[in-house]
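Engineer: Chain Y is fixed; fit chain X onto it per the hints.
Residue numbers (the numbering used here), protein chains in the order written: chain Y, 619 to 1091; chain X, 55 to 314.
Treat the hints loosely; a few may be bogus.
What the hints assert, rightly or not - Below, a sample of chain Y positions facing chain X; criterion: calculated Cβ distance under 8 angstroms:
(1) Ala630
(2) Arg631
(3) Arg1006
Unchecked claim - List of simulated lysine-lysine pairs, DSS-like, C-alpha gap at most 27 angstroms:
(4) Lys627(Y) <-> Lys243(X)
(5) Lys115(X) <-> Lys209(X)
(6) Lys1012(Y) <-> Lys1000(Y)
(7) Lys627(Y) <-> Lys1043(Y)
(8) Lys86(X) <-> Lys1000(Y)
(9) Lys86(X) <-> Lys62(X)
(10) Lys115(X) <-> Lys1000(Y)
(11) Lys115(X) <-> Lys1012(Y)
(12) Lys797(Y) <-> Lys778(Y)
(13) Lys1012(Y) <-> Lys62(X)
(14) Lys158(X) <-> Lys115(X)
(15) Lys243(X) <-> Lys647(Y)
To be verified - Quick look at which bits of chain X chain Y covers, simulated, 3 or more residues with Cβ under 8 angstroms:
(16) 64–78
(17) 86–96
(18) 207–221
(19) 301–310
Please keep in mind that the hints were generated in silico from the structure rather than gathered at the bench. Built from N, CA and C at the ideal position, the CB exists for glycine as well.
What follows is each chain in one-letter form.
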Amino acid sequence: MEATSRTFKDNARRALVEPDLQQALARMKAGFVVNRAAAVGRLPEFDALRDEARAIKNHTLAHLDFYLERFEQMVTAQGGHVHWCRTAEEARRTILEICRSVGAKVVTKGKSMIGEEIAINDYLAANGITPVETDLGEYIIQLRHEPPSHIIAPAIHVTKKQVADSFYATHTNLDASRKLEEPRALVDEARAMLRQRYLDADVGITGANFLIAETGSTVIVTNEGNGDLTQTLPKIHIVTASLEKIVPTLEDASTILRVLARSATGQEFSAYTTFSTGPRRAEDLDGPGQFHVVLLDNGRSALLGTELQDILRCIRCGACMNHCPVYGAVGGHAYGWVYPGPMGAVLTPTLIGVEEASDLPNASTFCGRCEEVCPMHIPLPKLMRHYRERAFDKGLTPPLPRLALALWAFLAQRPRLYQALTAIKIRVLGALGRRRGRFRKIPFAGGWTRHRDMPAPEGRTFQRMWDEAGGAR
Amino acid sequence: MASNAAGKPRVGLFVTCLVDLFRPSIGFAAVKLIEQSGCSVAVPRLQTCCGQPAHNSGDRKDTRALARQVIDAFEDYDYVVAPSGSCAGMIREHYPALFDDDPKTAHRAHALARRTYELVSFLRDVRGMERVDARFAGTVTYHDSCSGLRELSVKEQPRRLLRSVAGLELVELPGAETCCGFGGTFCVKYPEISNRMVEDKAQAIESTGAGTLLAGDLGCLLNMAGKLKRRGAAVRVRHVAEVLAGMTDGPAIGDGADGG
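Bound conformation, chain Y alone:
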């Protein structure tokens, strides 16, 4: 997809006045946050599990080559294939070739953020193959021709009425006078429409929450069961996964699963946790004839050994965005690319360049709530600050704030001069504001005074008053 992260400020401004979106965000905040808190509260060892989960991923990242090669050996031994793809383009081409090898016309898709990252749907469609999203949220946004606005709830920004409108417009073979007011009716209709598509599909593409080195298995968690139908019914199952999804053992996956659903939706476990190990064996009743894992790097391996490596622990639970006051104000689309919220503010500049996305790591108050709730202890504010430093070093900071900062820094490093100048300035401002105690307008401070008053200073600096009081230095 075309990134619009450059226009984050404009995107955000528009999002703030979109009533449907604002309503959806208010609902989301209440739901996810309350449910996570309750789930975590019911598990006294949650914090110990977080530490363990972090240790598992840190260990894996330190030996990433070993575990990935082991994974490939195990997949191959069971008759599957691993395709190592350095870039999104390589991944797209690999997927297309596999689809063409069986003359695929229709491809069903389980929810996959890597699918979004490499924009596989547009690519397949451009090559004459119809991709059909089977996750309800993904299906809805596919009908609406928009990207997801949340990594686990892609259609969180869409109202029930908007879903019904899309269904009326798309499912034209159904009775036009049918009622689509209840969520149940919407779910039933989507299910009925998708049922035939599962059977039509030649290839099923899913993502992966984990790749397991010791068994060569891939794991998905869903609440709808759509992933299972997507990967079991067609002739070919393609798993798209980025390389940091790897964990050494089944036991490790189980540990991280215990923090995943709780952090994401507040469930103890997702409704379905599905392990896929190779293609259909002779004694299996069903399953795909071919099993392919498209393993994507797309710049991630360059993070190993750097300050940014911590982001590779991310398990895509969405807790950071659910608890982020900025995401809660503007929603996911404002971030302008695939990954929104705090994890997106780190991942987006990593994947599409800090030049394209320098607003994202800046648009945070560093309130620290994302780090507080992250099940993998990713220091998200620290990583965002890292990108601020990169943006600053590359001169991407706008000239006026940069000049103001330089002037301030010059004075702040000369305390005596600073104290002399501020004493005068504060005396003037204090005198001007004394009667009302605040200003409604201040030149060059429109960003503040457009929305709020500026309290006036008391009129003397502490440093001057301390001198006059003969205080100890």
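Structural biologist: Leaving out everything else, chain X in the frame of chain Y:
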């Protein structure tokens, strides 16, 4: 470094730039409270700002220069105390990491970090203060500023001391741990988003019915006071130190000399 003649620990007050410029009365309240806790207080002259504006803008060079300035100015005190969780958090949690490539300064930064505290947590956790000798007639609510809360675990300390203030009733603020939208330069770089956040915060404050809002960071207080005033709310806004020190005779933040 040693305690002074009377054997009292010597505290270097990190005034913070906002308190120095906007509201020195918070500084004097802090001095009074630190003295009440049995320490002597000095204010090193060569201090301006902890460097957060540079740090949060990605300007590492100026951040390091300002950190060095603070380390130089405060090295000789037993403790560094700031009436701000955000500035104390900067010194405690961020200074040491600034000097990865400079072990000598890193060592000094670590040593300073270990002795640096936010005011109210210093009074409670270090000095074991159980109560304050202050009176405040009215209902107050308390906002947990982010850095103090998440970097320094300032949560129960202010509530504990506030409950000892004669005449004061504390009501909890819904969403007290949600950011007010100040965020230093964030509030002017992303004014619309900041406005949404402080708007939500102001509504929550008004919903408590409290007459006064307290917090431990002047940046957040200026933001919330400015919004409450613009909304025409009657809520008064003060730094928690003013109430704990019993120094609430002057106008509240954003109020005029005539009290309006």
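Engineer: Could you tell me which of the hints above the structure violates, numbers in ascending order?
Structural biologist: The structure breaks hints 5, 7, 8, 13, 18; every other hint is satisfied.
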